[in-house]
Amino acid sequence: MKRLFTVSAKHGQPPGTMVYTGQRTDEPTRITLIDYGPDAVVEKSDARLGDYAPCRESGTVSWINIDGLNDTAVMESVGNLFGIHPLVLEDILHTTQRPKLEDHADYLFLVVRMLYVPAGSSEVQSEQLSFILAKNCLVTFQERAGDVFDGVRDRIRNNHGRVRKMGADYLLYALMDAIIDNYFAIMETIGEKIEAIEQSMLENPDAVLLNQLYRMKRELLYIRKSTWPLREAVGGLERGESALLGKKTAPFLRDLYDHTIQVIDTVETFRDMLGGVQELYLSSMGQKTNQVMQVLTIIATIFIPLTFVAGIYGMNFEYMPELQWKYSYAAFWALILLLTLGMVVFFRRRKWF
Amino acid sequence: MKRLFTVSAKHGQPPGTMVYTGQRTDEPTRITLIDYGPDAVVEKSDARLGDYAPCRESGTVSWINIDGLNDTAVMESVGNLFGIHPLVLEDILHTTQRPKLEDHADYLFLVVRMLYVPAGSSEVQSEQLSFILAKNCLVTFQERAGDVFDGVRDRIRNNHGRVRKMGADYLLYALMDAIIDNYFAIMETIGEKIEAIEQSMLENPDAVLLNQLYRMKRELLYIRKSTWPLREAVGGLERGESALLGKKTAPFLRDLYDHTIQVIDTVETFRDMLGGVQELYLSSMGQKTNQVMQVLTIIATIFIPLTFVAGIYGMNFEYMPELQWKYSYAAFWALILLLTLGMVVFFRRRKWF
Amino acid sequence: MKRLFTVSAKHGQPPGTMVYTGQRTDEPTRITLIDYGPDAVVEKSDARLGDYAPCRESGTVSWINIDGLNDTAVMESVGNLFGIHPLVLEDILHTTQRPKLEDHADYLFLVVRMLYVPAGSSEVQSEQLSFILAKNCLVTFQERAGDVFDGVRDRIRNNHGRVRKMGADYLLYALMDAIIDNYFAIMETIGEKIEAIEQSMLENPDAVLLNQLYRMKRELLYIRKSTWPLREAVGGLERGESALLGKKTAPFLRDLYDHTIQVIDTVETFRDMLGGVQELYLSSMGQKTNQVMQVLTIIATIFIPLTFVAGIYGMNFEYMPELQWKYSYAAFWALILLLTLGMVVFFRRRKWF
Amino acid sequence: MKRLFTVSAKHGQPPGTMVYTGQRTDEPTRITLIDYGPDAVVEKSDARLGDYAPCRESGTVSWINIDGLNDTAVMESVGNLFGIHPLVLEDILHTTQRPKLEDHADYLFLVVRMLYVPAGSSEVQSEQLSFILAKNCLVTFQERAGDVFDGVRDRIRNNHGRVRKMGADYLLYALMDAIIDNYFAIMETIGEKIEAIEQSMLENPDAVLLNQLYRMKRELLYIRKSTWPLREAVGGLERGESALLGKKTAPFLRDLYDHTIQVIDTVETFRDMLGGVQELYLSSMGQKTNQVMQVLTIIATIFIPLTFVAGIYGMNFEYMPELQWKYSYAAFWALILLLTLGMVVFFRRRKWF
Amino acid sequence: MKRLFTVSAKHGQPPGTMVYTGQRTDEPTRITLIDYGPDAVVEKSDARLGDYAPCRESGTVSWINIDGLNDTAVMESVGNLFGIHPLVLEDILHTTQRPKLEDHADYLFLVVRMLYVPAGSSEVQSEQLSFILAKNCLVTFQERAGDVFDGVRDRIRNNHGRVRKMGADYLLYALMDAIIDNYFAIMETIGEKIEAIEQSMLENPDAVLLNQLYRMKRELLYIRKSTWPLREAVGGLERGESALLGKKTAPFLRDLYDHTIQVIDTVETFRDMLGGVQELYLSSMGQKTNQVMQVLTIIATIFIPLTFVAGIYGMNFEYMPELQWKYSYAAFWALILLLTLGMVVFFRRRKWF
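Chains as they are written, first to last, in numbering that gives the first Met the number 0: chain B, 0 to 352; chain G, 0 to 352; chain Z, 0 to 352; chain U, 0 to 352; chain R, 0 to 352.
Everything labelled a hint here was simulated from the structure, so no lab data went into it. Treat the hints with care, since some could be wrong.
To be verified - Below, in silico cross-link-like pairs of lysine to any residue (SDA-like), each with a Cα-Cα straight-line distance of 20 Å or less:
1. B/LYS325 to U/ARG152
2. Z/LYS350 to U/ASN289
3. G/LYS287 to Z/VAL162
4. R/LYS164 to B/THR288
5. G/LYS350 to Z/LYS287
6. B/LYS99 to R/GLU267
7. Z/LYS350 to U/ASN315
8. R/LYS350 to B/LYS325
9. B/LYS350 to R/ARG349
10. R/LYS247 to B/PRO85
11. R/LYS287 to U/HIS84
12. Z/LYS325 to G/LYS350
13. Z/LYS134 to Z/GLY36
14. B/LYS247 to G/GLY15
15. Z/LYS246 to Z/VAL162
16. Z/LYS164 to U/HIS84
17. G/LYS287 to U/GLY285
18. Z/LYS192 to Z/ASN181
19. Z/LYS287 to G/LEU220
20. B/LYS325 to R/GLU267
21. Z/LYS287 to R/GLY285
22. B/LYS325 to R/LEU322
23. B/LYS192 to G/LEU220
24. Z/LYS164 to Z/LYS287
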């Protein structure tokens, strides 16, 4: 089972130390550059930072995407290019950050977590994604290759939608929107699993489901850790106090905030549902124990006294007057019937069956 | 069982894409127009948007109601007529929004959920209802035909109450009031069900009720998802910061807000009640198990030793002096009585019966 | 059991419709007028509103009390006399309001709930009480005759305390104080019941108490619904932003607010106590089940093997060497003793008795 | 068990009625006066209020302590001397107030609860303590003789610490500090009891502890009622908005506030601990029931079939071929062994022992 | 088990009394001085306060570390040197403070708790750490020798990182950062233990784990007491309202605050996880009881009636017609088989196996 805590371990190192602390230490660092304006797109799929000309001054928007965070040299040049504070670089490399937004006048720093389900697994994993939004530029840092941005890339290439007509702030929005959309997709999968568990539980509360229930709760705990602080971070974007966030992008950011709230709402609803399912399970369990107990008690309470009576007349005392009496056996059966009837009446009154 | 999560799935589509994502994809789009002032009412039951002349400048109030959200062309013309932001149109079409209020200077955008119980079902369903309030105009978007507004329509036609004398903001209030009133009606049905469950539980805690209890909790979870955000949205109306909300309508909006709070209060009280019923159920269950256990234990504890004694004298050893003794059988019965009495005293002291 | 939800049902009626929706539809409407100043008291016990001269301009304070809310005509004349908004009148008649305070410049509108225990019942009931505080005037609306204000009336008649020397705002305070005092009295009764349950639970956790516990929790839920919103309403009075609330009355309103907080505190403490009692009950139940199980297990575990041994020697095989052996029976008893002793040692080690 | 609710019962009396409503109605009223400055101390142990000269104008600090609240005349003269509002006097006499601070311009009114453990009891009791802080004067009202202020008195007499050099506000602080210190002392006792319960629970979860646990929770509920509102009251002192609270005393009041928070923290931690102990208890109980059940089931499941087999060969049918067969008895034992072994394997697989 | 409450006991002593109240009363007081600037470091490992020249006016930063708080004389000279308020000195010596930040114009006073795991123990302990930040100076007070600051010392000595170039406020940050980093390290250990428990629980819910679970929860309660107030204290630093906190240090303090939030987040996640594990445990326990009950009931319900039948034919009545009938025994077996089959069908229908 994946770890829920993952605390960054950088004991004894001075603050601002640039060492990647995540798990993807063998991932090669690859830089991709997409430079676009309303009229043209230039794409360099294996770019170097040197290719990144002083485009901050040009009118086009540059999206620099960096996959793999092992190459400290690359990180340092990015830092120099944009004048990024060492602590921000450290946060990018220590990939256990809570989602947050920091406004450093010249640039905005946004950290979020991107969820994904690795092939061959059914467990949701997450990866830290950092954004540096500067004038006309957006730099994205990913721990590994592979993301949820292909839709946005297509839209840029094909001039679909309004992305080419807007600035770097809109690009940030579009990418965040893709991430949140992906949250919804993952939510949908989880929702289906929960409803499947719920259905099974209602039909036949069974033992196998208990672990599933637990794992699902843990899954939600995991997602919740990523989504709750997101509210604050995206809320910061929505308030849009930075000059880097244009007025035209504002309604989109508000929409993004609404979606974030909706994701959190859904996580909480799921938790409530799982809580309800668990309560149902416990109640059903208790009920079943009760029924089992009742059957046992009815059987035992009826037969134990009868067996005792039979035992009595199985005794070998020489002087047992009943044994010689001709109608004893018939009388015995009468007694048995009477006792049984009495028990049945007793249980009926107590509404046991 | 209906889904609780329903997340909008629009993966990979650019923001502002206008495609209806709800379940009513076969619903035809029908536009109804009611144009009224203090003196006259004009009603077009199968109107087109072209019929909608520049009434914004006239002194009358126009209520354009659109049932069915499949016709993207219609949506686009509405958008053009009122200068509605594409994201707002998207929100209208993606019918899984949280209730919310957005102030876009020229118009107010309000999304709420209307509850209804489909014929032949006992489960509450909900439908997204969107309002665009512009100057002298109110546009309402419904997923399907059929709503709770017939009372309002009658009042407009018959000039009953004050609706004809007031503006479009009052119309918005009147419709919202009808929706909230409908919440109360549904609350009443649920309340009756809960009290029926409660009554049964107090009289005879039974197995069948457990699922009912669970379904009722789920129902409330569903309603709660629609009502909690309503507080914020209606609260926004009540504060009335928009110029579109006249001063004369303010006390009505305050009243609406009070009713919304009352609905939320009732949902919470219902949840508390269900929680109490469930606790009662669990306690009763535990108590019943206890009683069953006691009966079993009393019977078993009394008869098991007796059966053992009977078993002893059923043994076939050749040398068992007691068997030949003449008063053995009488002594056996004396022993049995003594043992039984001892047990009874023991249980009495432990207050088991 | 009384209903906890009581939602107002006024489906399809326009807002501001004046129809009484409570249960007391057969209550005759009776108006009582007390007009007093420092020097004189005039009391009309079966007054009409016509008797209510333009006393607003006189220096005396008029207290108009209306019992029974069925006579719409009376309500309308009151509305006209004081220029009351139709929605306020509707709130007065729809007697399922949450306690609240509304400041309508010319008058204050305050709704609270008055608790009472009907004769021959032990269940707390509540009745809506509405106040209209205008200049020199206080109008009170009650669903039924009979209230907790006799003390205040006596003080006015006998010029006891300071009520005659103060204005209408002090009268409002004095009446509210009587209502809150009555809350305390009802709290005291409930507190005694809870402590009685607690005492019984500690002495002998029993089945009969479970329903009592549940009813008490429900009772508190009911009172809580009336008291929580009271905090806000009385808090509004305490802040005293209206010109109708004089400076001299301010310390009294602060005192009233303190008392309200104390009532809410007490309700919460009672809920905590009931929660504690229920936990104690469940724990005791579990403990008792445990003890019962242990007794059963000890008895069964000792005697079942013994009975088996006895059963063996009750078999009728022709070739059973033990049966003929002379000391078999003695040996049998030795075996029995040994087995029993072994069991006892086993249970002692497990600390079962 | 002491009452947790204690609501003031003053039904029908006008507000501001001065009658002591506590339990100490036979306590004689005794006034003690300590008048001190940097250079001198005057102490009158059985003073009258007449002795209280116009010391408000002198430079010395006067501490008037009143034990016993039955003498209404004394209360009235105090009220006159300091111009105290009748409602404040009523609050002093109605000894069920929540801790609170009221700023009446000329004087501060502070109510707190002093905890004490009566001799011969282990239950914490509380007593209302009221302070009137006026210029150069502090009046304290206690329900009964005996308090936690002896340390402060000694420091005043012996000019120990800085109390003699400071004003009446510091005296208020010093007394409050003594009260809070006493809370800590009582906390320590409770903490020791809780840890004793915890230790016993871990070593041997037993029945006797259940009631202790419950009483401890109730005790904390009681203390909590006194401490939570204290936060607000002492917080009001700390903010020090009154002119009666000098600047030099401010850091001391901040310290006092820190201690109050620490007391509340400790109460909450204790509640968490008790909650944990109770959960542990319930889990242990469930575990024990489980073990008992397993033993019972193993024994019963092994021996019940064996007894049945023995029962068969105890039957008296004339034609039972096995009975005559020479090796039957040996075969019987073989069967028994086989069955037992089978059962043991079955239970081992289920990991029951 | 370590104490969770530890309340300071200073009954009867005047406020500001300087006596160490912690457990390390035999720790010798040792002063260490590190004086550094961009160019030089002077270190005195067994310094006296007299060595501390008027360095406040020099441009260098002085870090005075005091281990052991028994020497009241030392504390007093520190107090005089920096003009520290007696209550602050008292707080330093009474080592049960909640973490807090106090701004005394001339100096900042910060109290935190440093966690450590003593050698040979697995229980987390904590020690109070007090900081006095004055101009160019930082004084740290520790209860015992040994801390988590060796990394910072090395960086100062070797001019590694930026510590030598920054002021005393950065030193405060660096030390706090080391403390928070240490929290993470301890969190990691705890997280590993929790996941080990979780794993065991999922594989084989066992009895031994219950106490471990309880101890872990208690451990988290302990850490939580140290971390929650830390949020407020570090948040105070982050807001940086004091002139002693330079602008250049601000981003570092923001980072520190982020880390603090992350620690608190982790503690809460751990508590949620433990809660989940406990629920899983209880559910598993209930399930196991259920299974055990079912096995018992099946065995008992099948064999008890059979044994009764066998008992009947073991009776010694003289007139039992079945006994002589030749096919009785075969018929008996047929009956037995029939009964068994019936039972099996019955249980199958109830889905018991």
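Exercise. Against which earlier hints does the structure fall short, listed by number upward?
Worked result: 1, 3, 4, 7, 8, 11, 12, 19, 20, 24
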